[in-house]
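K.L.:
Taken in sequence, the protein lines are chains U and D.
Just so you know, the working numbering puts 83 at position 83 of the first sequence, and the rest follows in order with no gaps.
One rule links them: number in the working numbering = place in the second sequence (from 1) + 1000.
No lab work stands behind these hints: they were computed from the structure.
Virtual Cβ for every residue (Gly too), placed ideally from N, Cα, C.
Be aware that one or more of the hints could be misleading.
Label pairs and their calculated CB-CB ranges [said to hold, decoys possible]:
1. U:Glu71 with D:Phe1128: 39 to 47 Å
2. U:Ile67 with D:Val1027: 22 to 30 Å
3. U:Arg84 with D:Phe1128: 39 to 47 Å
4. D:Gly1104 with U:Ala82: 18 to 26 Å
5. U:Leu81 with D:Arg1114: 44 to 52 Å
6. D:Val1125 with U:Ser2: 25 to 33 Å
7. D:Val1129 with U:Asp92: 44 to 52 Å
8. D:Gly1063 with U:Leu60: 18 to 26 Å
9. U:Arg84 with D:Phe1110: 46 to 54 Å
10. U:Ala86 with D:Gly1111: 38 to 46 Å
11. D:Ile1108 with U:Arg84: 24 to 32 Å
12. D:Ala1004 with U:Asp92: 41 to 49 Å
13. U:Gly53 with D:Val1027: 35 to 43 Å
In silico negatives: residues of chain U with every beta carbon more than 10 Å from chain D [unchecked claim]:
14. Trp50
15. Ser51
16. Glu96
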Amino acid sequence: MSLHAVLYVALAMFAIGLYGVLARRHAVAVLLSIELMFNAGNLAIIALAWSRGLLSGVILVLFAIAITVAEVAVGLSLVLLASRRARTAVLDDFSELKG
Amino acid sequence: MTDAAFWILAVVMLSGAAVVVTARSLVRAAFGLAAALVATAGMYLLLTAPLLAAVQILLYTGGVLTLVVFAIVVVGGEVVGRTSRKPLTAAALSIATFAVLARGVRGIDFGPPRGGLDAGAALGVSLFVKDYAVPFELLSVLLLAAVVGALVLARKDRPE
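Taking the hints into account, I'd like the entire structure generated from these sequences.
P.N.:
Next up, the structure:
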């Protein structure tokens, strides 16, 4: 298990998450894809910290995970609010600002 | 042994991720995310960070997925019609991103791994007593603010 291998796996997960963010039509699915990208970033940080023997990387990821949980709570309630107003959670239908 | 475990976890993780971005049913996508996150926790174990593996399963897989499933129940998880828009453009962009980043990673020589993180006691002292005690407490304030904010946003009888 080399550092490069872990980083490539993290990059692949990041790319898959990016595809989801760009392509999915449902707002909750986009949030799930954002989680994937977060997770890939965390994995890359831990891989580098493991390779260097740096304990602060673990602490950085602990904080990142906690902040992600806060972000998900607020993000989901925003989706809830938006879907209650627009009667849909499909992002293409949030087009009130378009002329 | 470690190598085999790593590749198995990598396959589980990436196929879970693929389910997240392709599944028609959002519940299925949430379970794909659970698979990917648990596999990541396994990878944290391999990278000698057992505390993070536990936090990942408890907070991420437990907390986030419960929230997501609740939201799916409320919002409705089925999309009528296509699940994605302009999938080819999105795929091209994400593959290009992967290629650029992978090229950058390949060019770096990290040297021999110094290896190993596992230091439960040192981590605890650093996080709770010495270096990061104040940020840790601030984090609890942030979480409280997020919970209150989520409640205020999502409540039904909100004054407009």
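K.L.:
Of the hints stated earlier, which fail here?
P.N.:
1, 4, 10, 11, 14, 15
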